[in-house]
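Protein sequences, first through last, are from chains A and B. Just so we're aligned, residue 1 is where the first sequence starts under the UniProt record's numbering, counting upward by one. Just so we're aligned, residue 1 is where the second sequence starts under the UniProt record's numbering, counting upward by one.
Only true hints are included.
If you want a taste of the chain B side facing chain A, the calculated C-beta under 10 Å gives, among others:
no.: 1; residue: Trp62
no.: 2; residue: Phe241
no.: 3; residue: Pro247
no.: 4; residue: Asp248
no.: 5; residue: Gly318
no.: 6; residue: Gln336
no.: 7; residue: Pro548
no.: 8; residue: Leu550
no.: 9; residue: Val556
no.: 10; residue: Val557
no.: 11; residue: Ala558
no.: 12; residue: Ile565
no.: 13; residue: Gln636
no.: 14; residue: Pro671
In the SDA-like style, the derived pairs of lysine to any residue whose C-alpha atoms are separated by at most 20 Å in a straight line are:
no.: 15; chain 1: B; residue 1: Lys373; chain 2: A; residue 2: Thr628
no.: 16; chain 1: A; residue 1: Lys233; chain 2: B; residue 2: Trp62
no.: 17; chain 1: A; residue 1: Lys233; chain 2: B; residue 2: Ala240
no.: 18; chain 1: B; residue 1: Lys233; chain 2: A; residue 2: Ala244
no.: 19; chain 1: B; residue 1: Lys204; chain 2: B; residue 2: Ser289
no.: 20; chain 1: B; residue 1: Lys48; chain 2: B; residue 2: Met103
Hint data in this document are derived by calculation from the structure and do not stem from the laboratory. Where is the CB? At the ideal position from N, CA and C, for every residue including glycine.
There are 2 protein chains.
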Amino acid sequence: MAYPQTSFVNTHIHPECLIGRRREVVMAHTLRYQLDVLKQTGRYDAFKLKWHPVYDEEPLVWPIPNHLFWDSDVGKWIEGACYFLRQHPMPDIDAAVQELVEMIEKAQQPDGYLNIHYTVVAPGKRFTNVKDMHEMYNAGHLIEAALAHEGVYKNGKLLNVMLKYVDLIDKTFGPGEGQLHGYPGHPEIELSLMRLYDHTHDPKHLALARYFLTERGNPTGMEGMHYYEWEAKKRGDDPAFKPAFYPDTRAHWYHQAHEPIVSQPTIEGHSVRATYLFAAYTDMLRVASKDDITPKHGAAMYRLWHNMVDRKMYVTGGIGAVRQWEGFGAEYFLPQSLDDGGCYSETCAAIGVMMWASQMLKLQQEANQLDGKIADVMELCLYNSVLTSMSANGKEFTYHNQLASSHNDVDKRCAWFTVACCPPNIMRLLGQIGGYVWGSENHNTSSPSIAVHLFVSSTHETLIGNEKTTISQTTQWPWEDTVQFSIEGSKNFDLKIRIPGWATQHVLQPECREAVLQSGYLTIPAAWLASNPKFSLKIPMKPRWVAPPLQTGQDVVALARGSVIYCVEDFDNEWVEDHFKTTFIDTIAPVEVHNTTKSSTGETWPALVLKDGCRVLSKQLEDGSPFTNYSTVRDQLRGAKAIPALKFVPYSLRSNRGGKGHMRVCLRKQPREAAHTQLQNGHAS
Amino acid sequence: MAYPQTSFVNTHIHPECLIGRRREVVMAHTLRYQLDVLKQTGRYDAFKLKWHPVYDEEPLVWPIPNHLFWDSDVGKWIEGACYFLRQHPMPDIDAAVQELVEMIEKAQQPDGYLNIHYTVVAPGKRFTNVKDMHEMYNAGHLIEAALAHEGVYKNGKLLNVMLKYVDLIDKTFGPGEGQLHGYPGHPEIELSLMRLYDHTHDPKHLALARYFLTERGNPTGMEGMHYYEWEAKKRGDDPAFKPAFYPDTRAHWYHQAHEPIVSQPTIEGHSVRATYLFAAYTDMLRVASKDDITPKHGAAMYRLWHNMVDRKMYVTGGIGAVRQWEGFGAEYFLPQSLDDGGCYSETCAAIGVMMWASQMLKLQQEANQLDGKIADVMELCLYNSVLTSMSANGKEFTYHNQLASSHNDVDKRCAWFTVACCPPNIMRLLGQIGGYVWGSENHNTSSPSIAVHLFVSSTHETLIGNEKTTISQTTQWPWEDTVQFSIEGSKNFDLKIRIPGWATQHVLQPECREAVLQSGYLTIPAAWLASNPKFSLKIPMKPRWVAPPLQTGQDVVALARGSVIYCVEDFDNEWVEDHFKTTFIDTIAPVEVHNTTKSSTGETWPALVLKDGCRVLSKQLEDGSPFTNYSTVRDQLRGAKAIPALKFVPYSLRSNRGGKGHMRVCLRKQPREAAHTQLQNGHAS
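One chain only, chain A, in its complex shape (with noise of 0.2 Å):
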């Protein structure tokens, strides 16, 4: 059980606590709402195959379809939707589940083909364009939606299709005579045939997800060609045609289809294709022959994965900072908005770092070797630029978690998106969780382990060796900084409890002197357990200011505490008229705690407080000039304006109140000559 998608059924979510109460809202609204949307919209009936008003529509991003990713958008409910039957039984959810099978079982083609587009409107064009139009990421969503309802029905109803669908892939593409050489523009499938080889342990899903997985980049693929250059070619376009997002003609590093994934130096290009690509080469190599693995693939992952997380990740764990390819940038441009030339950090990306961390913990528990570094990036996304992605009512989405607006991009979530990949993948993380929170493997060996990857207040059930476990966290995570455990069953062994980077202090309650902290994992060993089978752990969390790092050239910071980030926002500074470009702080200054309750969203979170310590520059400042003097500069900060209060919120709870859509996450620091004069002048600073 080696996926969270599969082995989250171990694990019962409190609906008590922060996350829990996230999957009631998405249970009470969210499932409904987005099946309200799909049949609004169309997508809901698309699987009869007929003409759709949408179909003739101009696409908003040439040459894109707006209706070509419909059938992802409907497995990916339909997976969301069977992860929370499978615990929650609900029965008009159940019904649209069983129609939408009803309807993609007849989807399907004599020859076992399955898509909308290529069925209604371009029939006769299937393959032809694998790198744009995203064919195979949808045949990987539907087999996810497959997994998933097996997991739920057991009657191989949409199973079967997606094998049969799958057989017909497997035999276009691969190595052999008369197969295309190709690849998918945009990985997922890669993913699911991973997954897919779990369930049915047929090898030649492993075959087709390894083939996908290395030949992409391959320079001379097909026909000594690269194969999405090859494809261009046969279909006769013009060598100038490019679409809109493609940065130029064969910037194949778009798709991470530069060079092969083995030698690719750093992470480039759309930030939700390389986290799911790299999620499903983690995911290979762990279960590949390891005849076939060497030293540098794994070493490749660990690059790839270092260069993301040390020069291309935000302070709240979002990913991408160029709007135009959604994806990565130069190293250590991490612009906060539109007005500093990007920030994208779509919340698909935020989801992929945690697909593919879970698959980087799964890789180094085998091998022993947990390292929490790759766990707090984990719940930094989780907690951060993952939960922002949805209101407190379900009901709206972000796509782009962009940590400050401005006048052409104010703060605002959103009904639904042409595109709509974001909305139904928070509800399915929702859904999948709890295999994020427990890692819990290799029960049959002698030294078996339990690791707590993140806090969630759960319970656990599993298996060591024969004797069944139950194993629980009780906490109020990420607000609170306690957590309880308690086991029941097995203590038969090693509890590793990761202790997050952020923090300066652990207690555990009884005191453990055995416990051993590795790697960012605290190890409490079996013995202590069976004598402590209930204990506590704190781990205390003082508000903190972190940095993007010096390279980035942004003299800025933002306020955290614990796993969590916060910024600032209209609603509660109402002052504030530039989205907090002229907002100034002092990192000296007090920082108070103060727990606040929104009747809205019934959460009870720790607002901060900065005290006497901002100044904002107290009227609409005047133009610029390039001949402007720093004295002038100096002056303008002088005269700034004390704000004896700025009020932090939580990122992921941002826009949920109201307000004009103004927000940020990191704030300039006071310059130390304005800084000066305050001093002089006797004020506090």
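On the provided structure of chain A, position chain B as indicated by the hints.
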């Protein structure tokens, strides 16, 4: 004589000043070097209309053939050569001009058409893509060449060719039935038609310029469609097709064609196109019948000018923050380098700013309302973003003028470019520069005046009424702060000398109590001049820190002295390893002025040295992380190494002495917390 291109003949630039020495280099090296390049690359012979191997090459930037601008490359060389020939006989240059003109004359088609690409490579397709294919841009440069040629040869040889071509264009484009209601994607012909009208006084030349300028941006100009969409449809283009530099398929703001110029709220798009266009538009407002011009037309020019200067201009005078479209980004988006997300600052755009500024000044001078801020910008461009584009030896050039280098874009000049607009542009500007220095108009009015817009050692002759006056300024500006004036002949005019905005003081010797400083011009009355035909003006130059506006979010400063912006280079500061990204300075530390002579340039310039006011991170910084605490960053800063002397060089002289190509204009200020520690440690700060 409203144009620098014609009025320059009244000014003799003294060879013993910075501009004079640059002109000497052009005459000794650049003219012949560029002529050699024209010959080696095929441009020189291209008007023979034979096939050239380059025509088979794949475009560097789809869909623009690499040879598309060859007509203009030849035209600009002829134009620049003729400006120099006007004042300095050079038999070999003269022979080349005459041979080129012979070839151009023979290349003209019977109906007047004249274009290399559409005659040789794509016959039958003329005027089918005026948005992208630069036919009229090329024509405009050939008109300018013809006018310059006429100034030297007065034989109508090239001019008659261009008049015939203009007749064809005039027949083809216009508001009439059966005419194309189009206008060129790259403006240039508009300003050349205005100058042609000044020469011919043929109202159809003015009318055609006006048509292009006022039809531009009409959303329904051609059969109810925007002209660019109409012609794309007519060509049968794939609606998904867009050139690489076009942000999206309908981003007509790239060409300043998104709405009529008069109502454009902000300056947008490709910066060279914008400045060429608005130079012509400003000129048109001055020349056109007053009945046609309403205040809103003038207001548009001031609005767009101020939007550019106040919110979209670098401290060097450079414009164009975004590389993809070589143009303007969001307001206050002014990244210094590729690593910061952009910075283009094209040479031609800075020259375009000067062209536009000179038209704004002429408009103001006719209304007797000179505003020194306009000329301040003109001077800022000249001494910084323009002069920096040519190497000391006159044989290497820049295309873009970033404010900081980076690993993927080191600081260097190039021998040539495939698209070679910039090298001949700086050459032709230096040929006519005398026309920018003095403003000499309205001499038949009751209150004649002569303006001094720029301080460049030179002698200017003009008629005041019927009496000749010869006025000279002698100075080592911009390096030295004193200008000696001397007048012979008529003194019956007011002298209006611009006092730069950065000046804190100006001293006339002998004293002139009657002088009045208004809007940046010091008016010295005729009566005083009559008794003081020789006098000096001193404008003390102290090094000063300038800063991008606070709204940019950059807490950086640049060092300036007088009109010169400085930068730091690795040549002077060998320790640099990271393009000065982690070099921090203290604006309170003293800046020393050291005169430096560099034999290879012959230039004696004041180098600036910041003493005990620089700290640099002494080794490669560790990798970043989204989890970095600010305290870690602060500790890194506290560990920075003191650099006793940080050496600065004028930005215009950068990259002339070898080195690794590390350079930066704007440097980060030491954060307050780091500085505090230094104070505590008793270090100078």
